[in-house]
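A.B. asks: Below are the chains, spelled out letter by letter.
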Amino acid sequence: MSATTAESQDRWAEATQLQLTWWRFRRHRLAVVSLVVVVLFYLVAAFADFLAINDPHATDARRSFIPPQAIHLFDEDGFNPHVYGLRGVRNMQTFQLTYTPDPNRKLPVRLFTRGYTYNLLGLFETDIHLLGVVGGQRTDGIFLLGTDQLGRDLLSRIIVATRVSLSIGLAGVTLSLLLGVILGGISGLYGGWVDTFIQRVIEVLRSIPTIPLWMGLAAALPNTWSTTQVYFAITVIISLIGWTDLARVVRGRFLSLREEDFVVAAELAGATQGRVIFRHMLPSFASHIIAAVSLALPAMIVSETALSFLGLGLRPPAISWGILLQDAQNIQVLANAPWLLSAAVPVIVVILAFNFLGDGLRDAADPYG
Amino acid sequence: MLTYLLQRLGLALITCICISALTFVIIRLPPGDFVDAYIANLVASGSSVSQEQAAAMRIEYGLDQPIIVQYARWMGRVLQGDFGVSMVWRRPVSEVIGDRLWLTMVVSVAALFLTWAIALPIGIYSAVRQYSIGDYLFTTIGFIGLAIPNFLLALILMYLGFRYLGLSVGGLFSPEYVQAAWSWARVWDLMKHLPLPAAVLALAGTAQLIRIMRANLLDELRRPYVVTARAKGLSERHVVLKYPVRAALNPFASSIAYLFPYLVSGSIVVSLVLGLPTVGPLLLQALVAQDMFLAGAIVLLLGVMTVIGTLISDLLLMWIDPRIRLEGRS
Amino acid sequence: MAERTSLAVRDLAVHFAMEQGTVRALEGVSFDLHAGRTLGIVGESGCGKSVTARSILRILDRPGKIVGGSILLDPGTAEETDLIAIDPDSSRMRGIRGGRIGLIFQEPMTALSVHYTVGNQIIEAVRQPADLSKAAARDRAIELLREVGIPRPELRVDAYPFQLSGGLRQRVGIAMALAGNPDIVIADEPTTALDVTTQAQVLDLLRRLQQEKNIALMLITHDMGVIAEMCDEVAVMYLGRVVEYAPVLELFTAPRHPYTRALLRAVPSILATPRQRLATIGGAVPHPGARPQGCAFHPRCTDFMPGRCDAAAPPPLTAGCTGASCFLEVPA
Numbered sequence: 007m008s009a010t011t012a013e014s015q016d017r018w019a020e021a022t023q024l025q026l027t028w029w030r031f032r033r034h035r036l037a038v039v040s041l042v043v044v045v046l047f048y049l050v051a052a053f054a055d056f057l058a059i060n061d062p063h064a065t066d067a068r069r070s071f072i073p074p075q076a077i078h079l080f081d082e083d084g085f086n087p088h089v090y091g092l093r094g095v096r097n098m099q100t101f102q103l104t105y106t107p108d109p110n111r112k113l114p115v116r117l118f119t120r121g122y123t124y125n126l127l128g129l130f131e132t133d134i135h136l137l138g139v140v141g142g143q144r145t146d147g148i149f150l151l152g153t154d155q156l157g158r159d160l161l162s163r164i165i166v167a168t169r170v171s172l173s174i175g176l177a178g179v180t181l182s183l184l185l186g187v188i189l190g191g192i193s194g195l196y197g198g199w200v201d202t203f204i205q206r207v208i209e210v211l212r213s214i215p216t217i218p219l220w221m222g223l224a225a226a227l228p229n230t231w232s233t234t235q236v237y238f239a240i241t242v243i244i245s246l247i248g249w250t251d252l253a254r255v256v257r258g259r260f261l262s263l264r265e266e267d268f269v270v271a272a273e274l275a276g277a278t279q280g281r282v283i284f285r286h287m288l289p290s291f292a293s294h295i296i297a298a299v300s301l302a303l304p305a306m307i308v309s310e311t312a313l314s315f316l317g318l319g320l321r322p323p324a325i326s327w328g329i330l331l332q333d334a335q336n337i338q339v340l341a342n343a344p345w346l347l348s349a350a351v352p353v354i355v356v357i358l359a360f361n362f363l364g365d366g367l368r369d370a371a372d373p374y375g
Numbered sequence: 002m003l004t005y006l007l008q009r010l011g012l013a014l015i016t017c018i019c020i021s022a023l024t025f026v027i028i029r030l031p032p033g034d035f036v037d038a039y040i041a042n043l044v045a046s047g048s049s050v051s052q053e054q055a056a057a058m059r060i061e062y063g064l065d066q067p068i069i070v071q072y073a074r075w076m077g078r079v080l081q082g083d084f085g086v087s088m089v090w091r092r093p094v095s096e097v098i099g100d101r102l103w104l105t106m107v108v109s110v111a112a113l114f115l116t117w118a119i120a121l122p123i124g125i126y127s128a129v130r131q132y133s134i135g136d137y138l139f140t141t142i143g144f145i146g147l148a149i150p151n152f153l154l155a156l157i158l159m160y161l162g163f164r165y166l167g168l169s170v171g172g173l174f175s176p177e178y179v180q181a182a183w184s185w186a187r188v189w190d191l192m193k194h195l196p197l198p199a200a201v202l203a204l205a206g207t208a209q210l211i212r213i214m215r216a217n218l219l220d221e222l223r224r225p226y227v228v229t230a231r232a233k234g235l236s237e238r239h240v241v242l243k244y245p246v247r248a249a250l251n252p253f254a255s256s257i258a259y260l261f262p263y264l265v266s267g268s269i270v271v272s273l274v275l276g277l278p279t280v281g282p283l284l285l286q287a288l289v290a291q292d293m294f295l296a297g298a299i300v301l302l303l304g305v306m307t308v309i310g311t312l313i314s315d316l317l318l319m320w321i322d323p324r325i326r327l328e329g330r331s
Numbered sequence: 187m188a189e190r191t192s193l194a195v196r197d198l199a200v201h202f203a204m205e206q207g208t209v210r211a212l213e214g215v216s217f218d219l220h221a222g223r224t225l226g227i228v229g230e231s232g233c234g235k236s237v238t239a240r241s242i243l244r245i246l247d248r249p250g251k252i253v254g255g256s257i258l259l260d261p262g263t264a265e266e267t268d269l270i271a272i273d274p275d276s277s278r279m280r281g282i283r284g285g286r287i288g289l290i291f292q293e294p295m296t297a298l299s300v301h302y303t304v305g306n307q308i309i310e311a312v313r314q315p316a317d318l319s320k321a322a323a324r325d326r327a328i329e330l331l332r333e334v335g336i337p338r339p340e341l342r343v344d345a346y347p348f349q350l351s352g353g354l355r356q357r358v359g360i361a362m363a364l365a366g367n368p369d370i371v372i373a374d375e376p377t378t379a380l381d382v383t384t385q386a387q388v389l390d391l392l393r394r395l396q397q398e399k400n401i402a403l404m405l406i407t408h409d410m411g412v413i414a415e416m417c418d419e420v421a422v423m424y425l426g427r428v429v430e431y432a433p434v435l436e437l438f439t440a441p442r443h444p445y446t447r448a449l450l451r452a453v454p455s456i457l458a459t460p461r462q463r464l465a466t467i468g469g470a471v472p473h474p475g476a477r478p479q480g481c482a483f484h485p486r487c488t489d490f491m492p493g494r495c496d497a498a499a500p501p502p503l504t505a506g507c508t509g510a511s512c513f514l515e516v517p518a
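Chains as they are written, first to last, in our numbering: chain A, 7 to 375; chain B, 2 to 331; chain C, 187 to 518.
Derived by calculation from the structure, the hints in this document are not laboratory data.
Quick reminder that beta carbons are idealized off the backbone N, C-alpha and C, glycines included.
Among the hints, erroneous ones may be present.
Reference excerpt, derived from the structure (chain B facing chain C, CB under 8 angstroms, subset only) [what the hints assert, rightly or not]:
#1 R91
#2 R231
#3 Y244
#4 R247
Pulled from the structure, derived: some chain B residues nowhere near chain A, Cβ distances all over 12 angstroms [unchecked claim]:
#5 A13
#6 D100
#7 L222
Could you put together the complete structure from these sequences and hints?
C.D. replies: Next up, the structure:
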């Protein structure tokens with residue numbers, strides 16, 4: 007055993023719960039990597055339009071179903087990143103219009119170019135994007151992941167969809183957290199018949215298959231509602247079932263904490279109920295809550311994706327990963343344009359990242375639990 | 002034991018009632034009702050409906066009564082086996098649903114068995130051979146199952162099957178058996194088609210259960226009664242399978258309780274993607290058209306079947322853990 | 187006095203490979219077990235008593251590993267077997283477990299599985315070394331329960347462990363250990379988890395069974411009172427080594443090692459002056475990974491000799507020889 011110096015042992019003894027949790031968390035490399043990934047995703051969501059290249063809403067039937075285009079880095083003149091302009095060629099037998107890269111039309115790709123206008127962080131309007139073509143016609147662009155049926159750049163749409171998909175997850179989890187903490191807290195703190203009643207309610211809710219319920223609720227939303235209203239309604243719907251898991255975690259924690267000596271001591275010292283809860287009990291399981299939340303988030307994101315995929319969730323012109331995947335439902339279409347499935351990649355990565363993150367947090371919060 | 006049994010039965014009953022009420026409320030949520038949608042359809046196709054005809058239709062469908070009355074009437078008929086008439090198909094709901102509900106259950110139960118059959122041995126193996134290559138392999142596969150939502154998995158598999166095998170992956174029957182009457186040959190055909198949808202459904206749950214089994218077994222393997230068993234001179238395999246596995250089966254079995262609703266739920270979406278003749282696509286249609294009786298019956302039946310499945314798993318748990326059998330609690 | 191030596195442990199060394207380094211759990215442990223006599227192993231928690239028991243039965247958990255020494259079953263006879271040389275999973279070793287050597291556990295609450303009846307678990311132990319029919323095995327199980335003093339054994343055989351009290355459960359544990367008719371029994375703190383009256387009953391039972399079956403009993407405990415009552419010889423262990431070995435009377439009247447003396451001083455006495463402070467051993471048992479240089483006990487020793495005790499480890503004891511592993515015993 008490596009000898010710990012007296013000094014570092016002091017540091018250990020004086021570290022707060024949060025610091026200890028953080029130190030333990032740091033040891034899980036996978037969890038730390040996942041944390042970085044999650045942060046990156048949220049940054050993408052914040053700066054979505056800056057990172058997008060082509061206008062995600064701009065349709066152009068002539069650009070329909072273009073396969074992914076690569077950025078060529080070198081040409082005869084050396085380092086000169088560029089894409090090829092596209093030329094439509096009509097197949098004389100099938101009359102199908104196919105696009106082929108035209109090596110004669112080289113469009114330079116540069117950083118910080120001007121593209122479509124957008125609102126940066128809700129602060130001001132600008133049209134600077136990270137990447138873009140210089141010159142070229144209005145319909146030219148960089149189609150790293152190809153285009154969809156209406157000629158919209160898939161990569162830009164995926165990037166912009168990050169904002170909606172991630173924020174709905176966050177909003178849903180917040181609501182679930184509130185419901186879960188309140189109901190789970192009441193259940194765990196008071197015990198007795200209140201606890202039994204809430205437990206039964208949770209059991210009933212968990213026994214009901216969720217998708218049919220969601221479908222019912224989502225289908226009940228009027229067609230006339232605006233995108234924002236639908237967005238909030240979907241959030242509420244998803245969190246209505248999700249709170250049960252969080253409530254169980256909170257209740258379990260409260261139940262075991264109630265018996266702890268330090269809580270009894272606080273009560274004996276005359277602390278009010280509120281003070282006992284917030285000042286003494288809550289800090290003990292805050293990290294458990296955080297872990298449970300990060301494990302609940304991917305479920306929320308998947309729920310929204312599933313609902314939108316079915317056509318019952320968010321509706322166009324809103325953009326979310328689920329809506330993007332809707333286009334991939336038709337197997338014939340998918341066979342011709344497999345790049346439509348690329349919206350599945352961020353979903354999978356985010357789910358994995360949140361799961362590893364949640365696991366790491368849970369292990370860090372309570373290595374014995 | 003009897004108290005436990007009665008408790009679970011009572012709970013199941015309450016759950017069913019809640020489901021029926023919830024279902025009914027949901028169906029009635031959208032503004033307007035079926036008659037409005039029906040009229041809109043007719044208007045769109047050129048014909049028109051007068052006010053009196055609309056009013057008459059409403060009375061015929063009982064849409065003019067207060068909700069409680071409608072619910073009571075509906076439940077009364079349901080308990081007699083009459084689920085009403087589908088407004089879209091203009092046939093009795095039970096006819097429209099037909100085989101689909103049973104097929105949904107068959108797929109879900111198949112997924113459940115698959116989950117158990119795979120998760121149990123792999124979970125045991127992963128715990129006993131911790132840190133081995135097999136352990137890491139299964140953990141990785143588990144993560145894949147965890148990360149890919151089942152409908153995405155179905156989509157990807159469909160695409161791969163179509164692209165590389167040239168066949169239309171999906172459906173529960175070969176073309177010649179789709180409309181055929183039930184026979185042993187048809188059952189066998191169904192069996193042949195079950196593995197893919199069952200596997201797609203089962204993957205996420207399997208991954209979850211493997212992790213649970215592995216974690217619990219690792220805990221149990223350290224306990225004193227395992228050492229006692231070894232000290233008796235029993236073979237390692239006998240020791241592991243008889244004692245810690247039995248103990249780890251408890252949390253495993255209680256996970257099953259909530260696995261079944263999850264599977265039934267998932268089968269809806271997966272069947273939409275894979276084009277299975279189950280209840281999923283029918284439900285979607287019914288909801289969009291606000292076909293009250295059809296949608297309500299489907300959700301109610303799904304819920305009730307799920308509750309029954311959960312009850313069975315509770316009974317299983319009771320059989321496994323002698324403490325519940327003899328003392329009524331664990 | 188010429189009892190058969192049933193088991194001879196020689197220079198047993200066990201290491202645990204931990205991520206912080208190798209922990210030397212046992213070093214140079216040697217002792218003998220004789221038929222019909224009881225050897226007491228006494229020491230504080232963490233001194234290696236349980237590791238010794240598990241090593242003899244070859245049920246040591248990973249990351250523990252026996253790295254040296256020998257454990258001889260039936261030493262000096264034609265069937266002498268070194269238990270370390272046998273594959274622990276082989277049917278031969280498994281036959282020895284339960285068939286020749288039985289183990290009684292400390293915690294009756296957790297040592298029995300709650301999922302199977304008491305009868306099921308005993309029958310399993312009965313049938314493992316011997317080939318008996320189910321009915322015969324069941325009869326034998328009932329017989330065993332009767333032998334250990336459980337009333338109405340024909341009813342109790344179908345009971346689950348959680349339906350029995352702690353004392354009864356420990357008797358079941360003893361019955362299970364005896365199921366294979368072993369001639370060596372290791373009792374790992376059999377009375378620690380029991381109250382004093384039950385403790386007395388269980389000890390009486392052990393003594394009676396030992397006399398009846400001429401068993402070589404190895405009694406592990408940290409309770410000096412139990413040692414005094416039950417044992418013929420005593421080995422005192424500290425941090426993985428045997429620091430003193432003596433017949434029980436000699437150990438109590440003329441202890442040699444400072445640790446033994448401290449242990450005996452620490453036993454509360456009914457004859458002490460009221461309100462007299464209890465004697466304790468200063469310091470704490472070091473972590474086995476942070477073993478002190480030289481004699482492991484020297485930081486807490488009242489007779490510490492600087493320059494000698496912290497320089498080298500004192501010579502280990504030979505099995506069967508009364509003495510202490512201490513520089514006080516070694517002429518300067």
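A.B. asks: Each hint: holds or not?
C.D. replies: Tested hints:
This hint is violated: R91 (chain B) has a C-beta 57 angstroms from the nearest C-beta of chain C, more than the 8 angstroms allowed. For R231 (chain B), the shortest C-beta to C-beta distance to chain C is roughly 5 angstroms, which falls under 8 angstroms, so the interface hint holds. A least Cβ separation of about 5 angstroms between Y244 (chain B) and chain C falls short of the 8 angstroms threshold, and the interface hint therefore holds. Of the supplied interface hints, the one on R247 (chain B) holds, with its beta-carbon coming within about 5 angstroms of a beta-carbon of chain C, less than 8 angstroms.
The Cβ of A13 (chain B) does not lie farther than 12 angstroms from every Cβ of chain A; its closest approach is about 8 angstroms, which violates its non-interface assignment. Consistency note on D100 (chain B): stated as away from chain A, and its beta-carbon is indeed over 12 angstroms from all of that chain's, at 18 angstroms minimum. Every C-beta of chain A lies more than 12 angstroms from that of L222 (chain B), the closest at about 17 angstroms, which supports listing it as non-interface.
Violated hints, in rising order: 1, 5; the structure is consistent with all others.
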